[in-house]
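Asks: Listed below, chain by chain, are the residues.
Protein chains: 4
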Amino acid sequence: MATKKLKIGIVGGTGYTGVELLRLLAVHPHAELVAITSRGEAGLAVADMFPSLRGYVDLVFTDPASSNLDACDVVFFATPNGIAMQQTRELLDKGVRVIDLAADFRIKDIPTWEKWYAMPHACPDLVTEAVYGLPEINREVIKKARLIANPGCYPTAVQLGFLPLLEAGVVDTSYLIADAKSGVSGAGRKAEVHTLFAESSDNFKAYGVAGHRHLPEISQGLNNMAKGKVGFTFVPHLTPLIRGIHATLYAKATKSVDLQSLYEARYANERFVDVLPKGSHPETRSVRGSNQCRIAVHQPQDGDTIVILSVIDNLVKGAAGQAVQNMNIMFGLEESTGLEIVPLLP
Amino acid sequence: MATKKLKIGIVGGTGYTGVELLRLLAVHPHAELVAITSRGEAGLAVADMFPSLRGYVDLVFTDPASSNLDACDVVFFATPNGIAMQQTRELLDKGVRVIDLAADFRIKDIPTWEKWYAMPHACPDLVTEAVYGLPEINREVIKKARLIANPGCYPTAVQLGFLPLLEAGVVDTSYLIADAKSGVSGAGRKAEVHTLFAESSDNFKAYGVAGHRHLPEISQGLNNMAKGKVGFTFVPHLTPLIRGIHATLYAKATKSVDLQSLYEARYANERFVDVLPKGSHPETRSVRGSNQCRIAVHQPQDGDTIVILSVIDNLVKGAAGQAVQNMNIMFGLEESTGLEIVPLLP
Amino acid sequence: MATKKLKIGIVGGTGYTGVELLRLLAVHPHAELVAITSRGEAGLAVADMFPSLRGYVDLVFTDPASSNLDACDVVFFATPNGIAMQQTRELLDKGVRVIDLAADFRIKDIPTWEKWYAMPHACPDLVTEAVYGLPEINREVIKKARLIANPGCYPTAVQLGFLPLLEAGVVDTSYLIADAKSGVSGAGRKAEVHTLFAESSDNFKAYGVAGHRHLPEISQGLNNMAKGKVGFTFVPHLTPLIRGIHATLYAKATKSVDLQSLYEARYANERFVDVLPKGSHPETRSVRGSNQCRIAVHQPQDGDTIVILSVIDNLVKGAAGQAVQNMNIMFGLEESTGLEIVPLLP
Amino acid sequence: MATKKLKIGIVGGTGYTGVELLRLLAVHPHAELVAITSRGEAGLAVADMFPSLRGYVDLVFTDPASSNLDACDVVFFATPNGIAMQQTRELLDKGVRVIDLAADFRIKDIPTWEKWYAMPHACPDLVTEAVYGLPEINREVIKKARLIANPGCYPTAVQLGFLPLLEAGVVDTSYLIADAKSGVSGAGRKAEVHTLFAESSDNFKAYGVAGHRHLPEISQGLNNMAKGKVGFTFVPHLTPLIRGIHATLYAKATKSVDLQSLYEARYANERFVDVLPKGSHPETRSVRGSNQCRIAVHQPQDGDTIVILSVIDNLVKGAAGQAVQNMNIMFGLEESTGLEIVPLLP
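Protein chains in written order, with the working numbering: chain A, 56 to 401; chain D, 56 to 401; chain Z, 56 to 401; chain B, 56 to 401.
There are no misleading hints in this set.
Computed, partial: chain D to chain B, Cβ under 7 Å: (1) V239; (2) S240; (3) A246; (4) E247; (5) V248; (6) S256.
Between beta-carbon pairs, the in silico distance windows are: (7) A/R94 with B/D313: 34 to 42 Å; (8) D/E169 with B/A120: 41 to 49 Å; (9) B/D164 with A/A246: 49 to 57 Å; (10) B/A323 with A/V82: 17 to 25 Å; (11) A/D357 with D/G224: 22 to 30 Å.
Keep in mind that the hints were calculated from the coordinates and are not lab data.
In this text, a Cβ means the ideal position worked out from N, Cα and C, and glycines have one as well.
One chain only, chain A, in its complex shape:
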């Protein structure tokens, strides 16, 4: 257990993952926020932009150049894709650990990354070094990592849902389907027409059916679990929630197995994965504001189609909470430190 507080920097503190990191770290007993950068908002008090933080965060946004991030123990990147890869090497060289909440280090195959993110990668060697920060799979390597690629929101919900099935080898891996639904905060705090209230409220739609950036990230993870190439279809949808992802997963059973026991056993020691009793339907609000993933397992009409329901808060277990969980693991803290948050219901 650390006795002194960790010095923490956040690069890009004006988006939703940034403010969520602030919400969590402001009351984390072993964290000391020392710098929050924003090129556009330098000089503005953080709590003037986010009044919810009044009384908890006294910092002012600073320009990245003058933020003295080198003096931090750990720096979180809550930036658009393509930023962290520019600045990570220098920080690592100074002994600062880095947790990237964007996608710069998530995909091991560089050509795949470059295709989906439409830019050349600045540091392929660091991609090799980076640890994919899904603790339920990679806890041991996270402990020793200098650089964490924090998973995407959809990838967290989908991979945790499929994991026990694929590890156990009980389904047809050539035909996996994830029908996923996300709240609107998943699109970020960007001024865009399609996520305006008057556009996305009282409305439901699929998007990116032809291809979404989380598809190669999830496929990579599923391939690893299945130890081979899976066939995977991913259909994301936008639903009028602020927070929450609900992934409905479909797979075809190839063996008869007690699925409920399989899932309960796999996640028995996982603090942040909760397997619900048989027959349950997890609600997104049951994890609102918390780092929990809740999962239910179904096999309707005793057929061979398995249906897995997996819910997370996209900004917590799907982003900032998982990043803090990774930080706790990296620094030898109790994994749930600062994350004992009872979900906000109603």
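Since chain A is already given, all that's left is putting chains D, Z and B on it; use the hints.
Replies: Using the frame of chain A, we list chains D, Z and B on its own:
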């Protein structure tokens, strides 16, 4: 074309399908509302319960017993399941045509119906006579029908989505999946905790994964289209919309075919099915308040998984609008009479 | 009654008031849409931007310069403030009538306008000529007008609410308060952070308490009604609705009068103002999608504080619907032509 | 500071104030939940009804009769009005302190209470003894109280908003107006039609304009502050939020005073009242899930109308949070113990 107005009765006018019938029929040029019954609200002016109808509906709810429904040309049942089957024979005997918006006449196999609806059926012979009111399949028999079983909301969206694939025989019929999302009005205007605003707003969940009453109704339809027994999984979800159903359908291609052309050809002459351009993602709000079904066809990553997106307004094409469409067909009116409603967007 | 259709042009068809004009005019029996301009979207089919219009609007957005608006009978400006005043004179000179849905011609006092809108006015003489298009006050002059200043959304709800009180002279005009709440579509279809779903859903706030552009417009109207300068406080709020304004108005009675009768008498012949029975609370959804204003009158605890509740759909009676109502009046059509829309409830 | 944990009982744990008490007390460092009663749900695990509490609350609902509430240090009543007054005397006699979140002990004048709550009061003497639990006014007496009448949600927001004005005597007390807006959770977790999602979403309305039960409670408080009878109008509205109250308050200045300084000084030492910088507009989401009240002060156009904006989370500072704050005060704990919750934004 009718020259005089049709005399219309509505049994059970206090639920959402009832008030939606009133919205449509109040300005239908060939309709004359003569009776709206409600056992509980007899004596109350309809517009006192639904102020949106002030100036359009002058009727008072009347007790069913004294409502003189025999004098109507057509009676709509917007009642809970199990009511219409008690009263239909008497009306038919008097020459009144009946359109049931509940489920009493939808399922041809009586034991199946009795299992899912948990009551004995009062008139199996009328089930045999009843025509399933999906005009895109049954238009010709609807013209001559005395009794229409108006389809359920999910069944309408799902069947219209799968229809071209199954008629053309281009998919594996043993593994069809419908991941469907409904707005909360689909649960009806009933005082229940789980559909309270504070329970279902900012929340998303699956329900009835083990089995939903629309499963046998859809299976019956898909079996008919496929001319054989299909394997079908149906997972409904509740999403915080007032109106709207979005069905995301998955099937495995068994033949290479131009899906876009297939769908456009099948629905070329259907006024209320709109096949969107390739690559589209229909939004539920694009049909809000209208009788339209909009469909988009995808085959992601050129794999063999076909993804169909189908949206309707559950209260219109999924209930009252389709009922009016059926009425128009039965009485020789232009099929779109009273249904030329531009969707309300935003 | 016109026998041929009116040729109609819309300048600025990509915002919410523009698409709402299209929704109404597409099925207006005496309207023929001939041009819809958009500088940014020229060449795009209107229905590609707004799929709700598929099958109803075949037009393509055209560049204003090449849109041949001179050939129209009437041109609607659904543009940002400051555009209509640049183009109106030329159209009027060609015999085209103009209805401006923005604020360019609403305020008679030019220095006041220039202060609140922060630009010099391009044609003060046309402001003098323009008729403020609130039919309940100005119907007779609207009939003869060439140029209509269509009222703002808040001003419509507030003025219709106060009108009978001020005309009758029964309240203290030095202390009038309007506490108004608007749905988010009132902010327009502009990419801005504060109206994102994740910002404005599940949230309520006041804004512009120090001063809102609708304040001088309302004050001008109230002064006219009171035949003198009133004291008026206006506090707008943003509430998570797509559509709807609810104005709660407060005034101090100076005379004892039967308020219910006063309101019923004043609006007895107004097709689009509906005075509810005593003790009612109008809901915004009771006018959703319609041109109706519904008003209820209260005097709580028999004290001297009068409370008026006034609701409209901000995009219909508060914008496009009122514009069509004005067009109907200007061209001698039945005032409600194309506006017989039953509100969408639920 | 207590060294051992307080034993806590909750009577009526199935409503929103009950589950909110559980959310707060489950992680309160000095609280030990020992009994949660529910007549209807006895035997059910609390976390089966509220999955958000899985892992935090292991208790089962018990029948009130067998719940051994006598052994508690403090019992919270989260029951409908009229229950607490039946059971309080017995608990007090056993040395148990009582905090009633309902209205049984809020109004000192018994005939007034009996008129508004339509029942005879069971123990007028305890009303006399009870302390109205608004710490910002009554902290000293709360410390010694056996019985706390926890304030209503509207009364908390409105009284904290008016308090500095009335204490300072700078407004006309004969004409105070509170235009208040509440989220739907304020109506409780009761199966009712008007609070269904499909009824109250995308809708805004006033209610209870003729008289609401919080009117006499607020009037009593304002009279005390003003040391005389005030004239007060209260108009509550229902807005589509889950949580949150926004009170917009109007008063007429009788003296020139620096309002910003007045408010800042009055609340300088109040941990849970936050006076925002001049010109601010507090949002309800800025207090979501927290015990904070945020207030902004305006005097528009330098006129004599003062506008105060006051926001709280109705379930926290408006109910369960304030109850825990009162418990902390009563038992000599740091007032903010267990209440250091950063609001959930977005």
